[in-house]
Amino acid sequence: MIAGLDIGSRSIELVTLIDGVVAEARKLPTTFDPVSQCFKLLDGLRPASLVGTGYGRNLIQRLGLDCECSTITEIKAHALGAAHLFPEARTVLDIGGQDTKAMSLAGGRVLKFEMNDRCAAGTGKFLEYTAGVFQIPVEEFGPYAMKGENPPEISSICTVFAETEATSLMARGERPEAIALGLHKAIVKRTANMLRRVGLNFPLVFTGGVANNPCVLDLLAKSVGGEIGRDILVPDNPDHMGALGAALHRHHGNAADAR
Amino acid sequence: MSESTHHEMWEKLNMDLEAHDGLLEVLGKFYGDIYLSQENRLKGAEYLDFVLSEVHGLRIKELQDAKAQGRKVVGTFCVFVPEEITLAADAIHVGLCAGAEAGSELAEQLVPRNTCALIKSFIGFKMAKLCPYIESSDMIVGETTCDGKKKAYEAFNEIAPTYVMEVPQTKSEAARDLWKSEVLRYMKAVEELTGVTITAEKLKEGIKVINGKRRALQRLTRLRAASPAPISGRDALLVNQISFYDDPVRFTAKINELCDELEARIETGDGVAPADTPRLMLSGCPMAVPNWKLPYVVESSGAVIVGEESCIGTRNSRDLVDESGETLEAMIDAIADRYMKIDCACFTPNQERLDNITSLAKDLKADGVIHYSLLFCQPYSHESMKVDKALQVEGIPMLSIETDYSMEDVEQLKTRIEAFVETLA
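Chains as they are written, first to last, in the working numbering: chain A, 1 to 259; chain B, 1 to 425.
Since the hints were made in silico from the structure, they are not lab data. If you're wondering where the values come from, they're calculated on a predicted model, not measured in any experiment. Quick reminder that beta carbons are idealized off the backbone N, C-alpha and C, glycines included. Don't take each hint at face value.
In the DSS-like style, the derived pairs of lysine-lysine whose C-alpha atoms are separated by at most 30 Å in a straight line are [as the list claims (entries may be wrong)]:
1. 112/A - 386/B
2. 414/B - 125/A
3. 112/A - 150/B
4. 180/B - 150/B
5. 189/A - 386/B
6. 180/B - 27/A
7. 12/B - 43/B
8. 414/B - 189/A
Calculated from the model, a selection of chain A residues having no Cβ within reach of chain B, i.e. all distances over 12 Å [to be verified]:
9. 49
10. 54
11. 116
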């Protein structure tokens, strides 16, 4: 059994492979004690090798597990996961808890990538924070925004300033759904620019937790001019792609292709 | 890092002793983590460790001793200030502190917040009384290599009188004439400062000494083309950094010894990393001591750095001054010509730099290039896009990094650099 563990800023995902086939997929919030969360995820499992990815990838060395441990970056992990499920993929977009990454692929390998700068502008954290301002769970924020019409332009993508802007728009009498839609548009605008910088080619695979947000997906398709399901592909469990990619890395490592 | 025996000297230099002790402590720890932890290091690195451990100690004492004998100290910020001329007037030429986040908040009283870390750092070092080089300088020389610097020198001049050289922004005939007149003006200023008249004989000697230093650095650059890499990028950067501080004759001798050792290593196929380690070249903004963040992150991400296309790197050593001139006039022309070859991003257009980067990357057999721009450094940030295009044509991948001296983005840098290395493996 090979396990991939994606230790992100918001959540930790685990995927195990037996003979190259997914056996388990688990997920827990990261919390301030990620090591305990990793143990909970690994409960009852005895992988022969464990591959860590994500911000906390080096934590796996501290778990003291009796198995072979290695790490890869989340950029490679998401690319491997995406290329495994969609071998025709040319571009991968991963919007996670604190980072957005865009990668162009050639033959399943990363050619070029971009990643947001140090702040969490336009990431899952941005959506979580602004959803909080609307007192809506983040999972419901996308559907809520889709009810909006004539969204006002949100010019700031900075998580803190966007809240200020949203608040002043509310004070001006804008409908909250429209403001929520405006916030989603702001994310997509930034993301589309990043995709263009790496050279956007279809099909694009959208991974990471934010791929679960139907409003972001819809706006993205409109922004980059692709059709969902044909040009823009979302895996069934987009948040597990990092962990899947990590496990696949080791699986491929066993085969002839060490890459 | 230095012994407390230097306290009296620092006190005389009107430094903030408590803050300075704190700085040295942080520096010492940083140096230990980044440098002393390296495996399979060169014997010649002892020199680097010693010079750096005494960077604010024995070297400053040397400067003070020389001053007591009537010699003058010229402090500079840039590779455009002709060291040959400083030496010809029997003065000492040193680079000033600008590589750490020291006194940055203080600096924001003099320059805007959105100013690059290097500028904030040299102003901060002065305001916080942390740089014994500034305090030892009889003359501080600035230059107009970017808008940020030229305006910063106006402000800096109020707290530390600064002589400014006008560096042109094109390579036209008129620009070369302007630069030559600036070289002559600098020569006069140094003569006035020292009371020494620069003769052809003295200038010839100055040119020889500084060319010698550059030849040693060129030799080091060439040896780094070997695979496996015989020296870590961190140590090579340190050599380049020390070239701005240490006595040039001693430095040249020590670096040539280090190169002998490298040659012996190359002979036996010994290296600091296995031969299949991805080889990266750094390109872009200068990295003054103790700005070791990026090289450290790169070399802890499974890569080895094989070259620095930077002012604290090949831009400082690539070109020599023609040594054939016999008259003062001919030598000044040779100096002016040599410095006009510097491919600083302040020049427009600046095709030379693109050509130099691609040929250096090929010579050093670099698998990829990391372009480093300091946040808010317009010239190098702009050029990073051009460099990327030029390297693409050659099939050499590039990663563009924009950062400063703070540690807040280390984890993100690690992810990017590791991912870049993964794409090369």
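For a C-alpha distance cap of 30 Å, please report whether residue 112/A and residue 150/B respect it. 36 Å, violated
Just to be careful, I want the Cα atoms of residue 414/B and residue 125/A compared with a cutoff of 30 Å; is the pair within it? 21 Å, holds
Going straight from one Cα to the other, do residue 180/B and residue 150/B come out at no more than 30 Å? 19 Å, holds
For the pair we were handed, residue 414/B and residue 189/A, check the Cα-Cα distance against 30 Å. 27 Å, holds
Outside-interface status for residue 54/A - nearest CB in chain B farther than 12 Å: 9 Å, violated
Against chain B, does residue 116/A hold up as non-interface, every C-beta pair farther apart than 12 Å? 9 Å, violated
Given the hinted pair residue 12/B and residue 43/B, is their alpha-carbon gap at most 30 Å? 36 Å, violated
Residue 112/A paired with residue 386/B [C-alpha distance capped at 30 Å]: 16 Å, holds
Holds or violated: is the Cβ of residue 49/A farther than 12 Å from all Cβ atoms of chain B? 18 Å, holds
Verify the proposed pairing of residue 180/B with residue 27/A, using a straight-line Cα cut of 30 Å. 68 Å, violated
Do the alpha carbons of residue 189/A and residue 386/B lie within 30 Å of each other, as the hint requires? 25 Å, holds
Violation of the numbered hints given earlier is confined to hints 3, 6, 7, 10 and 11; the remaining hints are satisfied by the structure.
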